[in-house]
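Enquirer: One letter stands for each residue in the lines below.
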Amino acid sequence: MFLAPDGDEIEIIDAAAGFLADVMPISRLHESGSADMNGTLRRQMGEMGWFALALEENKGGSGLTAVEHALFFREIGRLCGSLDVLSQALAVHVADGDLRARLISGDVGVALAVRDGGEFRLLGAPGAALALEVNETGAWLRDVSALAAETRSSLDPATSMRVSTAMPDAVLGQVDGPEVMQLARLGSAAMLIGLAEAALDLIVDYAKVRETFGRKIGAYQAVRHACADMALRAEAARCQLWFSAAAIKEGRGDAAIHLDAAKHLANQAAIANADANIQLHGGIGVTDEHDAHLLLKHAWFLAKVFGTKRALLGRLLDARVED
Amino acid sequence: MDLTYSDADRAFREKARGWLSTNVPTTPRPAHGAAAAQFDRDWQRKQYEHGWAGVAWPKDFGGLGLSGLQQVIWYEELARARAPHYINTTYIALMHAGPTLIARGTDEQKAFHLPKILSGEALWCQGFSEPNAGSDLASLKTRGVVDGDAIAVTGSKMWTTDAVYADYQELLIRTDPGSERHKGLTWLIADMKTPGIEVKPIRTMLMDEHVNLVFYDEARFPVSNVVGQINKGWSTALSTLSFERGLGFIGDQLDLYERVCRAIDLAGKVRLENGQRAIEDAGIAQKLAGLKADALAIRAMTLAHITESDRTGEPGPKGSLMKLTVTATHKALSETVGDMLGWDFLEFDGDRASHPWTYDYLWSWVFSISGGTSEIQREITADRLLDLPRAR
Ligand SMILES: Cc1cc2nc3c(=O)[nH]c(=O)nc-3n(C[C@H](O)[C@H](O)[C@H](O)COP(=O)(O)OP(=O)(O)OC[C@H]3O[C@@H](n4cnc5c(N)ncnc54)[C@H](O)[C@@H]3O)c2cc1C
Numbered sequence: 001m002f003l004a005p006d007g008d009e010i011e012i013i014d015a016a017a018g019f020l021a022d023v024m025p026i027s028r029l030h031e032s033g034s035a036d037m038n039g040t041l042r043r044q045m046g047e048m049g050w051f052a053l054a055l056e057e058n059k060g061g062s063g064l065t066a067v068e069h070a071l072f073f074r075e076i077g078r079l080c081g082s083l084d085v086l087s088q089a090l091a092v093h094v095a096d097g098d099l100r101a102r103l104i105s106g107d108v109g110v111a112l113a114v115r116d117g118g119e120f121r122l123l124g125a126p127g128a129a130l131a132l133e134v135n136e137t138g139a140w141l142r143d144v145s146a147l148a149a150e151t152r153s154s155l156d157p158a159t160s161m162r163v164s165t166a167m168p169d170a171v172l173g174q175v176d177g178p179e180v181m182q183l184a185r186l187g188s189a190a191m192l193i194g195l196a197e198a199a200l201d202l203i204v205d206y207a208k209v210r211e212t213f214g215r216k217i218g219a220y221q222a223v224r225h226a227c228a229d230m231a232l233r234a235e236a237a238r239c240q241l242w243f244s245a246a247a248i249k250e251g252r253g254d255a256a257i258h259l260d261a262a263k264h265l266a267n268q269a270a271i272a273n274a275d276a277n278i279q280l281h282g283g284i285g286v287t288d289e290h291d292a293h294l295l296l297k298h299a300w301f302l303a304k305v306f307g308t309k310r311a312l313l314g315r316l317l318d319a320r321v322e323d
Numbered sequence: 001m002d003l004t005y006s007d008a009d010r011a012f013r014e015k016a017r018g019w020l021s022t023n024v025p026t027t028p029r030p031a032h033g034a035a036a037a038q039f040d041r042d043w044q045r046k047q048y049e050h051g052w053a054g055v056a057w058p059k060d061f062g063g064l065g066l067s068g069l070q071q072v073i074w075y076e077e078l079a080r081a082r083a084p085h086y087i088n089t090t091y092i093a094l095m096h097a098g099p100t101l102i103a104r105g106t107d108e109q110k111a112f113h114l115p116k117i118l119s120g121e122a123l124w125c126q127g128f129s130e131p132n133a134g135s136d137l138a139s140l141k142t143r144g145v146v147d148g149d150a151i152a153v154t155g156s157k158m159w160t161t162d163a164v165y166a167d168y169q170e171l172l173i174r175t176d177p178g179s180e181r182h183k184g185l186t187w188l189i190a191d192m193k194t195p196g197i198e199v200k201p202i203r204t205m206l207m208d209e210h211v212n213l214v215f216y217d218e219a220r221f222p223v224s225n226v227v228g229q230i231n232k233g234w235s236t237a238l239s240t241l242s243f244e245r246g247l248g249f250i251g252d253q254l255d256l257y258e259r260v261c262r263a264i265d266l267a268g269k270v271r272l273e274n275g276q277r278a279i280e281d282a283g284i285a286q287k288l289a290g291l292k293a294d295a296l297a298i299r300a301m302t303l304a305h306i307t308e309s310d311r312t313g314e315p316g317p318k319g320s321l322m323k324l325t326v327t328a329t330h331k332a333l334s335e336t337v338g339d340m341l342g343w344d345f346l347e348f349d350g351d352r353a354s355h356p357w358t359y360d361y362l363w364s365w366v367f368s369i370s371g372g373t374s375e376i377q378r379e380i381t382a383d384r385l386l387d388l389p390r391a392r
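So the protein lines, in turn, are chains E and V.
Here UniProt numbering is used: the first residue of the first sequence is 1, the next is one more, and so on.
Here UniProt numbering is used: the first residue of the second sequence is 1, the next is one more, and so on.
For the record, the hints were derived by calculation from the structure and aren't laboratory data.
Heads up, some of the hints might be wrong.
[To be verified] Okay, the calculated bits of chain V under chain E, using three or more residues with CB under 8 Å as the criterion:
{"id": "1", "segment": "60 to 66"}
{"id": "2", "segment": "282 to 288"}
{"id": "3", "segment": "379 to 390"}
[What the hints assert, rightly or not] Here are some chain V residues the structure puts well away from chain E; computed CB gaps all over 10 Å:
{"id": "4", "residue": "Tyr5"}
{"id": "5", "residue": "Ala103"}
{"id": "6", "residue": "Gly134"}
{"id": "7", "residue": "Glu335"}
This structure is a prediction, so every number in the text was calculated from the model and none was measured.
Just so it is clear, CB atoms sit at the ideal spot from N, CA and C, and this is done for glycine as well.
Extracted from the complex, chain E is given alone in its bound form:
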């Protein structure tokens, strides 16, 4: 029993963090234009094998587990990484043959299709011909190139949004069962936790340098105590994330329950920490040029996918865990 990254897992974190700092810095979100993955970035990521970490080796993946998947997406989250990185890493589990190979290599991109009443929201990968839909019962990959999707302006600079009233019937790939949703929920929870940690780091750094009334703001208890609460939210969600990732890896019967709790705590931690980070920065926190608002906006998108409060809590109410 050990509930923190260890051994090779730490190497994965370091490799991911080093790579992503170069290719997906949060500063990209201050440049004009879409901040989803572009083709070049997607191929760079594909070359490194990042989309297929948790895919079996005989399917062209690295044969790693839910744990490494979570570790990687936490690093993505720290940089406000785009949602289509996750849909790409899920789609490799849904496609076969040549299409799977092209998804793994980043040759083709894939948007996330989310049902919204009678419509579909297509998130990320704005030019992509493919869209992935995931729910508790399965996952479906479709060709959406012929779809008339209307572009909507997105609150989140890291995630583009299109809306379509229909979805083609034909599927290019399909998986039955909850496995893809499990990776989706775990990945999005990990991103949210990375984001909650990034918000804490930003304000702790700032509180050590910003002065008012002749003192560092980090010496004021209104700031210190809010930071301590942020640290607690991140710590609680992170420990529950590790628990659920290890539970999935080990095939525990109660893994889904632990994962529901992790996603719920991650949703809360990310939005609350992003909120406090803006507030504690003062005026600079509401400027476009600062990163603080980017974290908040992205948190809302991640909290909306793969497990929202009502659904998660509804299931948790009657669930019982094992020892």
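Given the structure of chain E, go ahead and fit chain V with the ligand onto it with the hints provided.
Expert: Same frame as chain E, now just chain V with the ligand:
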């Protein structure tokens, strides 16, 4: 990262569960007073006689020498068996006086006191806080004058839990008259029967008298009762506090999940003022499910922190986060149950057995104030975990 228990851990759980299933006292713990203290001594004696005393203590000192993880298992099984609430009159002796003596005591002190603690023969209390020294413990004033082979103590301690029933006290005093703050203090074993000690109970909002004022009027204690060195008592006190902040709340941490589940069962039975069952109320259902998530995270944090310190051999800096979340979750659970129990929640005779939820609600302030307030836990987190500029 892994969640697997070793064969030894699993075997330990089986053994603990088996023993507890037939040995946990079947009568409820008396709410107050000497009867409660006697109940605690008896339960401790039973654990001792069957080889279950001192889960956290090294084998060399009569304990079980369990790893942190096995201690977690023990407390989980206590919660499952609904064993007497673990914060009882044996708590100070087992959770911090004993460990402090093991770490800092002389051979004579260990040989005399440790077996008495394990067997439930000796109860201890903690005499650190004073009327004017709580959060700011280093401002304490109770003074000790070294006089030959004795130290004469004069002053007062406050909030001393269970001082009436305790046989011994962890007494922190100022022995260097000109000293300030952390310097010049001494950690002393005080026999509570020593002439010159007077204990005066303080009635609390729980309708009990479990905390006390303790007055010392030239009460004389042998110098051989000093733990650590004279005038260097702060260092010994830090050991005591580290045990309190390390695993001091482990029982409550692990009990929370079971208590949330009991509250959810209860919500399936009780009716609200509108005739609905509580569980059918979306607000209550969501609160309870959210608390279950919090309780699961507390368990995950406990396991993460304990397996980490099993490796490093030291408690990490995250005990304050733990206390913050356990006390906040405890209070939120009590409030939610209070909301659904209606008028029944407002009946209270001071007895935890007959009014468990109301008692626990009132207890939530004891919890968030004693052992370092929530504000102080945030301060410690800001200093030690986040390395923010000091407020003080
Ligand atoms: C039921 C109970 C049992 C106890 N049992 C024992 C015992 O057995 N032995 C023992 O030695 N002590 C015991 N205590 C004492 C306990 O440790 C103190 O009450 C606690 O540390 C707070 O000290 P205080 O009461 O003097 O409050 P104060 O220190 O006066 O604090 C008053 C308020 O100010 C806040 N505050 C203080 N300093 C700061 C700061 N620097 N920054 C921000 N906020 C601050 C506090 O959080 C609190 O809200 C017990 C207390 C209670 C209530």
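Enquirer: Determine which of the earlier numbered hints do not hold for this structure and return their numbers in increasing order.
Expert: Violated: hints 1 and 4.
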